[in-house]
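Novice: Chain by chain, the residues:
Number of protein chains: 2
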Amino acid sequence: MSRRSLRNDILQAGLRVMFQSGYRGASVRDICAAAGAPQGSFTNHFRSKEAFAGEVLDRYFDYLQELVAQALKDDTFTPRQRLKRYLDIITSKLERDGWRIGCLIGDLSLEASSHSKRLRKRLDAIFKKWRTPFASCIAAAQSAGEVDSRFDATELAEFLLASWEGAILRMKVERRPAALERFKTIVFETVFQKPRASAAARQRPMHKGSTAKSKRDRK
Amino acid sequence: MSRRSLRNDILQAGLRVMFQSGYRGASVRDICAAAGAPQGSFTNHFRSKEAFAGEVLDRYFDYLQELVAQALKDDTFTPRQRLKRYLDIITSKLERDGWRIGCLIGDLSLEASSHSKRLRKRLDAIFKKWRTPFASCIAAAQSAGEVDSRFDATELAEFLLASWEGAILRMKVERRPAALERFKTIVFETVFQKPRASAAARQRPMHKGSTAKSKRDRK
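Which chain is which? The protein sequence lines are H and U, in order. Under the working numbering, think of the first position of the first sequence as -5, with each following residue one higher. Under the working numbering, think of the first position of the second sequence as -5, with each following residue one higher.
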């Protein structure tokens, strides 16, 4: 096996083992065993377990960014629909894993950030990069009148990603999708909803005269 | 030292060590060292680390329930104000710990639920018990017209607690309170807000159930 592919195998095994056992629970011995690699080979490829975990995290985030692009760059949907589509895509991935495995970014945020400054800083950088395409999509939804513009789009993007991590946390405890579906239903009917005045006008017969945004809603 | 107080010391030390190192990272040796107890004494008091962690979790939840009661049973505030007050009380506790320590329920939900069925079931029971006083308070806020009644109060309570765990997760990565304050600002101006129509019309809806139907009829 080539040096490069062995390195790759160890990184891939690291993702599986860290999903199961966390950062501290994943021993170098377990990771190498899962990769079918001799234990001594780990130090040939990685300076430390901390550096290794950083690389595993980066690869996981690369994968996640592909899913973000798949959902948020699809112009056949409106910006608000694209946001929901991202959460639906993630839901289908979580279903595939039997609701047993969540998000490595969330897992390491709670577990590793208290004892690795390096991983904590890397996670913070990931959250900031992660929110960027969401902030753009939310801003587009606001411009289109699909989402209330009261809040800054970046603030809403941060809120969405952090709260979604909370829903995944609850899902892991229940091993069922209820928390994910509840989250989507509630936030898309409240936070990611049209401005209050026009929504009220659209819903209430008594405000029939002022439905400026209703036409756009029905497209 | 009495047998009973040694047991208590080990449990208290367990909380501190598990906050720092997680469930798997907290060794019996570290816990006993932090308690100033001989390592052999652990097995005199606890059947297993798993059983021990369950007791630590229960004690932590007892403490949290006192904070819940302190916030939600204070009749000098309206039901909606009491909900916000709970989050403010927790924020002050998190500040005291320099934004470094989060919530043990959240930490163990992500870390321990994948390899301890017993802890996972205990966490699920805790979430269900935790949401009950929140559901009552939200129902009271809905009856008082402070919070939209579109969603079931228990669903909103689950949403609140899970999303708040997400905000704490983000706080741990940043080591600052931005995610907590953002969460409170956004949810109390959207999810936990008066019914949409009444916000526009400055009055409560007359026929709660009829809005969806009227909207459909007009299309």
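Be aware that a few hints might be false.
Identical copies carry no separate label here, and so any pair may be met within one copy or between two of them.
What the hints assert, rightly or not - With a straight-line Cα cutoff of 30 Å, these simulated DSS-like cross-link-like pairs (lysine-lysine) come out:
#, residue 1, residue 2
1, Lys78, Lys122
2, Lys67, Lys188
3, Lys111, Lys178
4, Lys43, Lys188
5, Lys67, Lys122
6, Lys78, Lys43
7, Lys188, Lys111
8, Lys115, Lys178
9, Lys115, Lys188
10, Lys67, Lys43
11, Lys115, Lys67
12, Lys111, Lys122
13, Lys188, Lys178
14, Lys111, Lys67
15, Lys178, Lys43
16, Lys188, Lys123
17, Lys43, Lys87
18, Lys122, Lys87
Since the hints were derived computationally from the structure, they do not count as laboratory data. In this text the structure is predicted, and so the values were computed from the model without any measurement.
Novice: Would you list, in rising numerical order, the hints stated earlier that this structure does not obey?
Specialist: 4, 6, 7, 9, 10, 14 and 15
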